[in-house]
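Peer 1: Below are the chains, spelled out letter by letter.
Number of protein chains: 2
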Amino acid sequence: MIDGGITAPIGFKASGVHCGIKKEKLDLAIIHSEFPARTSIAYTQNKVKAAPVEVMIKKDSEFLQAFVINSGNANALTGAKGVEDALAMVSLTARELGIGEEMVGVASTGVIGHFLPMDKVISGIPAAVASLGRDKRHDDLATTAIMTTDLAKKEVACQVTLADGTLVTIGGMAKGSGMISPAMKTLHATTLSFVTTDAVLAKRPEGRWQRAVEGSFNMINVDGDQSTNDISVLMANGAAGGNPADDDPSFWEGVEWVAKALAKKIAVDGEGATKLIEVSVTGALTEEDARHAARAIVSSNLVKAAIFGSDPNFGRIIAAMGNSGCEFDLDKVRLLMSSNGTSVPLFEKGAPTQGGGESTEEIARKVLGHKMITIRLDLGVGDKKAEAWGCDLSYDYVRINAQYTT
Amino acid sequence: MIDGGITAPIGFKASGVHCGIKKEKLDLAIIHSEFPARTSIAYTQNKVKAAPVEVMIKKDSEFLQAFVINSGNANALTGAKGVEDALAMVSLTARELGIGEEMVGVASTGVIGHFLPMDKVISGIPAAVASLGRDKRHDDLATTAIMTTDLAKKEVACQVTLADGTLVTIGGMAKGSGMISPAMKTLHATTLSFVTTDAVLAKRPEGRWQRAVEGSFNMINVDGDQSTNDISVLMANGAAGGNPADDDPSFWEGVEWVAKALAKKIAVDGEGATKLIEVSVTGALTEEDARHAARAIVSSNLVKAAIFGSDPNFGRIIAAMGNSGCEFDLDKVRLLMSSNGTSVPLFEKGAPTQGGGESTEEIARKVLGHKMITIRLDLGVGDKKAEAWGCDLSYDYVRINAQYTT
Numbered sequence: 000m001i002d003g004g005i006t007a008p009i010g011f012k013a014s015g016v017h018c019g020i021k022k023e024k025l026d027l028a029i030i031h032s033e034f035p036a037r038t039s040i041a042y043t044q045n046k047v048k049a050a051p052v053e054v055m056i057k058k059d060s061e062f063l064q065a066f067v068i069n070s071g072n073a074n075a076l077t078g079a080k081g082v083e084d085a086l087a088m089v090s091l092t093a094r095e096l097g098i099g100e101e102m103v104g105v106a107s108t109g110v111i112g113h114f115l116p117m118d119k120v121i122s123g124i125p126a127a128v129a130s131l132g133r134d135k136r137h138d139d140l141a142t143t144a145i146m147t148t149d150l151a152k153k154e155v156a157c158q159v160t161l162a163d164g165t166l167v168t169i170g171g172m173a174k175g176s177g178m179i180s181p182a183m184k185t186l187h188a189t190t191l192s193f194v195t196t197d198a199v200l201a202k203r204p205e206g207r208w209q210r211a212v213e214g215s216f217n218m219i220n221v222d223g224d225q226s227t228n229d230i231s232v233l234m235a236n237g238a239a240g241g242n243p244a245d246d247d248p249s250f251w252e253g254v255e256w257v258a259k260a261l262a263k264k265i266a267v268d269g270e271g272a273t274k275l276i277e278v279s280v281t282g283a284l285t286e287e288d289a290r291h292a293a294r295a296i297v298s299s300n301l302v303k304a305a306i307f308g309s310d311p312n313f314g315r316i317i318a319a320m321g322n323s324g325c326e327f328d329l330d331k332v333r334l335l336m337s338s339n340g341t342s343v344p345l346f347e348k349g350a351p352t353q354g355g356g357e358s359t360e361e362i363a364r365k366v367l368g369h370k371m372i373t374i375r376l377d378l379g380v381g382d383k384k385a386e387a388w389g390c391d392l393s394y395d396y397v398r399i400n401a402q403y404t405t
Numbered sequence: 000m001i002d003g004g005i006t007a008p009i010g011f012k013a014s015g016v017h018c019g020i021k022k023e024k025l026d027l028a029i030i031h032s033e034f035p036a037r038t039s040i041a042y043t044q045n046k047v048k049a050a051p052v053e054v055m056i057k058k059d060s061e062f063l064q065a066f067v068i069n070s071g072n073a074n075a076l077t078g079a080k081g082v083e084d085a086l087a088m089v090s091l092t093a094r095e096l097g098i099g100e101e102m103v104g105v106a107s108t109g110v111i112g113h114f115l116p117m118d119k120v121i122s123g124i125p126a127a128v129a130s131l132g133r134d135k136r137h138d139d140l141a142t143t144a145i146m147t148t149d150l151a152k153k154e155v156a157c158q159v160t161l162a163d164g165t166l167v168t169i170g171g172m173a174k175g176s177g178m179i180s181p182a183m184k185t186l187h188a189t190t191l192s193f194v195t196t197d198a199v200l201a202k203r204p205e206g207r208w209q210r211a212v213e214g215s216f217n218m219i220n221v222d223g224d225q226s227t228n229d230i231s232v233l234m235a236n237g238a239a240g241g242n243p244a245d246d247d248p249s250f251w252e253g254v255e256w257v258a259k260a261l262a263k264k265i266a267v268d269g270e271g272a273t274k275l276i277e278v279s280v281t282g283a284l285t286e287e288d289a290r291h292a293a294r295a296i297v298s299s300n301l302v303k304a305a306i307f308g309s310d311p312n313f314g315r316i317i318a319a320m321g322n323s324g325c326e327f328d329l330d331k332v333r334l335l336m337s338s339n340g341t342s343v344p345l346f347e348k349g350a351p352t353q354g355g356g357e358s359t360e361e362i363a364r365k366v367l368g369h370k371m372i373t374i375r376l377d378l379g380v381g382d383k384k385a386e387a388w389g390c391d392l393s394y395d396y397v398r399i400n401a402q403y404t405t
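Those protein sequences? They're chains R and F, same order as listed. The end of the first sequence is residue 405 by numbering that gives the first Met the number 0, with every number in the run present. The end of the second sequence is residue 405 by numbering that gives the first Met the number 0, with every number in the run present.
Only chain R is shown next, with the shape it has when bound in the complex (with noise of 0.2 Å):
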């Protein structure tokens, strides 16, 4: 893990500036890259699909040297114009930047229903063509400048070592607050993430993108709402040099390392959230089903409202899982939770530990004090595991979208 975001890698540049979608803040980015970047993109399954994702998917780019962003619109549900809009977003790019439209990218987040403001989008994208630089004020301004209702900046970054001795670096920035229940798949998800790298890519990498995207963004639940706008990037430009990275397993631990970082940094920055959730998932009898079991918890409300009043409701847990679809013997689910280095039982053999006896609710409830909570549940029928990420469910998370476009 190193200091840095997004410019972290050899040859990428970043900016953000302030264009006029949003009232003061910083709402249109662009990520360069010195040299066409390998490019593997994981998109929303929502059937209503943005027009900047039905242009990327249209596109379907193995190479691109360029993302153009913008915040504060989603740019979705706007039809043929829409799809013109997103189209002239890039062309403006391209022609700045003096690189084809085909090596350019673009994505949008904020309201859905609206069309974008394009006089002001037009005069944004020179200036923020101008401004690019790769520092950590850029990393910044890039990161800032996709943020809707997130509260904190999203950004992070790793260097590897590869079996040949080269040193790659993992570069990566991502928003997300709210509208968060991502299920991406590449080829055919509103969390915006990008991953930069300068490793070499033989190949268009799908499969493993999608696995790192299916272990860390598929895994995080805000509200349970899949966004229409959902995409999650990963470029590699090879300007590191040495052997290309694709089978190298130290490289793919560095990308869904930075994947995962990213995630839970979405999941704590959760609107209105308090408290992170961390679900780990064991025993299930398939991936598949520790991983419905380990979503569901962290996506019932009844369970993120209790873990906002640190109420050890934990029948609600074993409630979730039960709806979950997932095998398992109630004879032998185990759930345990901590936080803070203190762990409590609170259900095993069928029952509740102790019975619900006091004791233990008082400890439960002083585990659920802290700002970092961990649900580990045992389904008791297997050896398959996942983990999922979430937030609690608080008064400010319905304030936040109670007035939303007001």
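For the record, the hints were derived by calculation from the structure and aren't laboratory data. One should not assume that every hint holds.
Where chains are identical, the list cannot tell them apart; a pair therefore holds if satisfied intra-copy or between any two copies.
Stated by the list, open to error - In silico PhoX-like links for lysine-lysine, alpha-carbon gap of 25 Å or less:
hint : residue 1 : residue 2
1    : 331       : 46
2    : 80        : 348
3    : 383       : 46
4    : 383       : 365
5    : 152       : 135
6    : 263       : 135
7    : 135       : 21
8    : 57        : 259
9    : 80        : 331
Starting from the known structure of chain R, fit chain F onto it as the hints suggest.
Peer 2: For chain F alone, kept in the frame of chain R given last:
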């Protein structure tokens, strides 16, 4: 429709007492029929089933004469002792009523993961049997005794004249405020609902009762969490005489009306609810698609929070449709919102009506200011339809569920 509840049909008595599971409120109800009643029951599909649900599925009685129901404790996740306790409730109720154990049903609702205080239940059952009666007051006592976080009593009754001229009465009571996302199946639903009738049924009406449940209780959503305790009971004791009503359309119309009226009462009394949301999906390719779309919209936290805040963020409705998996033609999708006689089109021909213009938004904001909001969505690909009901997501939902066991 007539004034009345669970004892409106001939031969049914009910009672509600305080036995001490709750601090002060009524917490134990009994329904009793003078004659054996042909019974059909729909149960929760949550794989974690409360002890009374397990007991009733195993029992699978075609005829019942009584039901004992407690609130304040779900008797769920209570292992072998929970099953013993549920069986003890059945057995004591049977003895006090002087009927066979096989003729008594049991249901529970309340907190999950705590053992029932059986000493209190045991002293309560004789008191409940002793106070059985057949009038409006007894309807109210029973309905009140099955409430948890419910603020309103949910009961309804109607009369229908069958083909042979027989006047048949159908009564019902229900509870349910949180953990409401039922998907009950007969034979194998924490909404509790009981529909009584004095009609004659010659055979067990599983298919017809399932259909009534599908169009009513299974189409409501408060928080997306299916309970461990949902149960929906139809009891027909034949006391009205006449020909069997098994295939009488008027009879089933009456039953469906009662089920739907109770379901709406549950939706409008959802935890923290300030508004009733009615979703009507038309133009679907299949009934399944229509049901999925209607349920997805009424289940979306973002839609619910926007409606709470009277925020016309209709893009969230279309996004929820996109996540439901239903077929639609975005160019033909038509979305209207209405309340109190005012209707406003929000989306048609693939784009926001009037390009997201201010005037549409202003009207929509006024429409959302009322207490009963109807969302009409036409998918533009067929002629199938479905309705679903839910409530908004408010600060009070969070408060109630953050402090449930406190």
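Peer 1: Of the hints given before, which are not true for this structure?
Peer 2: 4 and 8
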